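K.L.:
Line by line, the protein sequences give chains A and B. Using the working numbering, the first residue of the first sequence is number 1, and each one after it goes up by one. Using the working numbering, the first residue of the second sequence is number 187, and each one after it goes up by one.
Calculated directly from the structure, the hints in this document are not laboratory data. Hints are not guaranteed to be accurate.
Chain A stretches covered by chain B per the calculated footprint, using a threshold of three residues with CB under 8 Å from any CB of chain B [to be verified]: (1) 8-16; (2) 136-150.
Label-pair restraints from in silico Cβ distances [to be verified]: (3) A:Glu-108 with B:Ala-295: 25 to 33 Å; (4) B:Thr-315 with A:Ile-7: 48 to 56 Å; (5) A:Leu-13 with B:Glu-323: 45 to 53 Å; (6) B:Ala-295 with A:Gln-58: 50 to 58 Å; (7) B:Phe-294 with A:Pro-46: 46 to 54 Å; (8) A:Gln-149 with B:Ala-295: 43 to 51 Å; (9) B:Gly-240 with A:Gly-37: 31 to 39 Å; (10) B:Asp-216 with A:Glu-88: 46 to 54 Å.
To spell it out: a stretch of chain B is covered by chain A in this simulated footprint if at least three of its residues, at any positions, have a beta carbon under 8 Å from a beta carbon of chain A; those stretches are [said to hold, decoys possible]: (11) 240-250; (12) 269-282.
Only a predicted model underlies this, so the values are computations on that prediction, with no experimental measurement involved. Just so you know, even glycine gets a beta-carbon here, dropped at the ideal spot from N, CA and C.
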Amino acid sequence: MTQGWKIVLVVGLLGLLALFYQGLWGNPRLIPTVLIGTAAPNFTSPQVGSSEPLSLDQFRGKVVLLNFWASWCLECRLEHSNLLALNERFSQDQNFVMVGINYQDKEEDAQQYLRTYGSTFPHVRDVKGAVSFDYGVYGVPETFVIDQQGIIRCKTIGPIIGEVYANYTQKILPALLAGSGDAVRC
Amino acid sequence: MLTRLLVALAVLGALSSPAVATTVDETDIDIKTREVAKTLRCTVCQTETVWESGSPFARQVRENIRERVEQGQSAEEIRAYFLSRYGDYILMQPPARGVNWLVWIGPFAVLIVGGFLLYRTLTRWVTSTPAAPQTVEPLDEASRRRIERELLS
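With the hints as constraints, model all of the structure from the sequences given.
P.N.:
See below:
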């Protein structure tokens, strides 16, 4: 067997092992979502601390930032002040709205969390996990940005802090609010 | 003694029968839910199905599957829904397309190539061993006498 064939064989074997490793033990949160560029699924859910339902459809025509969170999620606490800052900065634009989706949580814990850390935008309860399944959510925090045509343009896994936050404030949201969402890169 | 043993066994049998009855008493909904849940991966536990896992995520997926079964959705429709939300990763058995083909044919390819290489290596070992002489050289007279002497001594 020539040296070249030996190299091909070893590389092939290592590639196969890597494929199996990724499939069996890889981090699913690093797998890109299949939902970018698809229509955002509608939902109608009760709001946290209120029986009044809220529907995504009522925000059609606006840029919507959906944030999945839970009171037991430590990373959610890390990003919470940035979410409030985002809302304060962009909610002056009538075409922007933020909605929190409370994930696998007790309502009283969610209410306590919002009282402790503050709340300036509506939050709904994902009672049976149906909303998170529709959005292919693996865990929290996860954030989706929906453009004015109701298309999912961006998904962020993990907290919106540091460079991710800067990307949201300087690129993603200004571009979508200006109607140039095709150039958005999360 | 034997009578007592038989009575004890009869009592045990009577006590255990309801438990057996509840174990096998599955509705069609239960069976369909289990069939689908066994084919979906618990994405937060990675190598378990949503049927086996005790995580909150898996529990909610099982409830969601049950609701869909009750609504009359087929197993394929339910799998297609989760596939459309989570991609191939949600399926325990990756669909045979694209790069997934490597996962399906890779082990067989390794077996065939490995078997071929093993065969070739063994064949080379066998052929490189010097062959045994076909004919035995006749013993010269001097050597024959020497052997006879040594055998007699």
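K.L.:
If a hint holds in the structure, say so; if it doesn't, say that too.
P.N.:
Hints, one by one, checked against the model:
1. 8-16: holds (count 4)
2. 136-150: holds (count 3)
3. A:Glu-108 with B:Ala-295: 25 to 33 Å: With Cβ atoms ~57 Å apart, the hint is violated.
4. B:Thr-315 with A:Ile-7: 48 to 56 Å: Given about 30 Å between the Cβ atoms, the range is violated.
5. A:Leu-13 with B:Glu-323: 45 to 53 Å: About 51 Å separates the Cβ atoms of A:Leu-13 and B:Glu-323, which means 45 to 53 Å holds.
6. B:Ala-295 with A:Gln-58: 50 to 58 Å: Between B:Ala-295 and A:Gln-58, where Cβ atoms are some 55 Å apart, the hint holds.
7. B:Phe-294 with A:Pro-46: 46 to 54 Å: holds (53 Å)
8. A:Gln-149 with B:Ala-295: 43 to 51 Å: Because 46 Å falls inside the window, the suggested range holds.
9. B:Gly-240 with A:Gly-37: 31 to 39 Å: holds (35 Å)
10. B:Asp-216 with A:Glu-88: 46 to 54 Å: holds (50 Å)
11. 240-250: holds (count 6)
12. 269-282: It holds, with 6 qualifying residues against the three required.
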